[in-house]
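Mind docking chains B and C on chain A? Use the hints.
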Amino acid sequence: MSAAAFIVIAIFTLAGAIAAATMPRLIHAALSLVLAFIGIAAFYFLLGAEFVGLVQIFVYVGAVAVLIVFTILLTRRGQEDTRGFSWGGVVVAIAVFCGLVWAILHTRVSDAAPQIDPLTVKRIGEVLMTNYVWPLQCVGLLLTAALIGALILVAEEKR
Amino acid sequence: MPGEFVDQIFVAAKRWLLSLLPHAPDWVVQIASALLNIILLLGVFATLFALISVLERKILGRIQNRYGPNRVGPFGLLQPVADGIKMLIKEDVVPIRADKVVHFLAPIMMLLPAILALGVIPYGRNMTAFSIDGGILFFFAVGSAAELAVFMAGWGSNNKFSMLGAMRAIAQMVSYELPLLIVVLPVVMIVGSLSPDAIVAAQDGYKWGIVPRWFVLTPWGAAAFILFFVAGLVESNRTPFDVPEGESEIVAGHMTEYSGFKYATFFMAEYFGMFAVSGLAVTLFLGGWHAPIAWLEVVPSYLWFFAKLAVLLFVFIWIRGTLPRTRIDQVMSFAWKFMLPMAFTCVIAAAVWHYQAHGWAGWLSSLGIVAVVYLGLSRLLDTRRKFATRTYRFAE
Amino acid sequence: MTPTLTIFLILSAALFCIGLLAALSRRHAIFILIGIDLMLAAANVNFVAFWRFSPEPAQPTGVIVAIFSIAIAAAEAAVGLALVIAVYRHYRTTNVDKLNQLKG
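Listed in order, the protein sequences are those of chains A, B and C.
Quick note on numbering that gives the first Met the number 0: the first sequence kicks off at 0 and runs consecutively.
Quick note on numbering that gives the first Met the number 0: the second sequence kicks off at 0 and runs consecutively.
Quick note on numbering that gives the first Met the number 0: the third sequence kicks off at 0 and runs consecutively.
So that you can see chain A by itself, here it is in the shape it has in the complex (with noise of 0.2 Å):
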């Protein structure tokens, strides 16, 4: 883990997010969301877990980033409102970071990374189907549910 690649993705993300958060055009937000999600997958890849950045760029950058454009397009007349901007939201993010950081720097933590073997798929799909098999059926259970309700909710109605 190099200091210098930290840096340069901490600020690719945050600018990202920020731009997704503040962005006029909801189209360049849901695009700068992309970026910053495409940070948080190099930040996995920063922390060792390979897997789990690709899952992230997989699912966020592939599936719901291509769901959010879709809808973008599909409700595309409500766009004249999307400036609604509430400086309240600001306040109450401003002080709950400030809350969070002191909370982070009063609280004793290890800092000192463990030297550890490279995380394997083999590993991980080891783990998922012998400790986690229960939570992996509730997630599959889960996400067919999803599936099923939001088809159900978009369906054309017929009269």
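Calculated directly from the structure, the hints in this document are not laboratory data.
Just so we're clear, the structure is a prediction, and the values are computed from it rather than from any experiment.
Every residue, glycine too, gets a C-beta built ideally from N, C-alpha and C.
Be a bit skeptical, because a hint or two may be false.
Unchecked claim - Covered by chain B, per the in silico footprint, the following chain A stretches (three or more residues, Cβ under 8 Å):
(1) 24-37
(2) 44-57
(3) 60-73
(4) 116-125
Showing chains B and C alone in chain A's frame:
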């Protein structure tokens, strides 16, 4: 041994180039190695792109009973140079109501994932540019960014044909990504690894000394390979699935408002995507860089890879020359009603094959499973029965 | 200097608060979903960072939780965006301030 030397000549050359920096720190060597890989990859595939763009027109010409381009250079081989110059000196038109930034970024976003995806494919023995544990996942993860690029092109142009084309493209790419991923699953299951190198290594050796252990030679592998190829045709927007840019319906789809070099970039990205999908098909099913016959292994491994790639690319062009374009609703229902169930069948057939110890019994029963589901689906989806017998009335 | 756990935690706190800002300040339903997605991703960074700096990284619990969380985020996005489309069809707006009646 001279054969081995020729086989490893590129690896040795790279090692020699890196040894020119003896006292450099570790990270400089790493970056230099990565740069070398990227330069070689881009050089090879840019040349292949130039070659295939003229060969495609030649072959299409042959299929349509005419000469292809034959004016520039010997046999028209310098045509790509002329095309490149033409594209470069053309005016770059940007529509006045376009979203300038998005419009500009779209071609780059399209080309980048295609190049990245090429990096994980093993081109020869010890010749993978970017060898990671989850290579197959990496391939599909970066590939999914192409959908966003298509959307950006469609939205940024602010043109109804562009938007329609982009929506069609995204709809069909999302639908076919599912079967494309699921047919990769049996290979990953059998090999037990997501790394392309391990998948190629698992297809090493010959049964009874003659038949190579390529996955395409098993019933589930053959079915999965055909499904993969069809889904690959859709993912690279090739005929007969090129509805997103159907010229007779919506001008050029998401590329309508692009001209000059940006259009060329789109064109290039499409071909790079085609190379990537074909390369992955070779890696997954056609034994990667392994030779088909044992005594032909003296031929360097990378030549075998590119020979297989060339065959697949020829089939791409052949299909373009012979099949008409499908309708968008046919494309979509084919994905969900036929491709997806068949892909799941491949997974089951592969599991049966695996648990019968890769023997004759497994071979026959997996063939049976694939055949039964295929016949059942084709009976179910046969739409011809829905029409009444057509009767003709002539003037009496 | 290598990045420490504290730095990762502060970074994910910043990401979380940017997501919170988007969810609280913007009036467009899709912006609120973008904010929620950012907050979920920030929480994921925490899980993976805690796994990396834990005394027992051989047990990949944090990674597994992050993977599950990504799957759940996908489900959340699908249902959320389907809701946005359904609401838009009915009210012809996606501004959450204008959706102020219980009557359909």
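How the hints compare with the structure:
no.	hint	in the structure
1	24-37	holds (count 4)
2	44-57	holds (count 6)
3	60-73	holds (count 8)
4	116-125	holds (count 4)
In this structure, none of the earlier numbered hints is contradicted; all agree with it.
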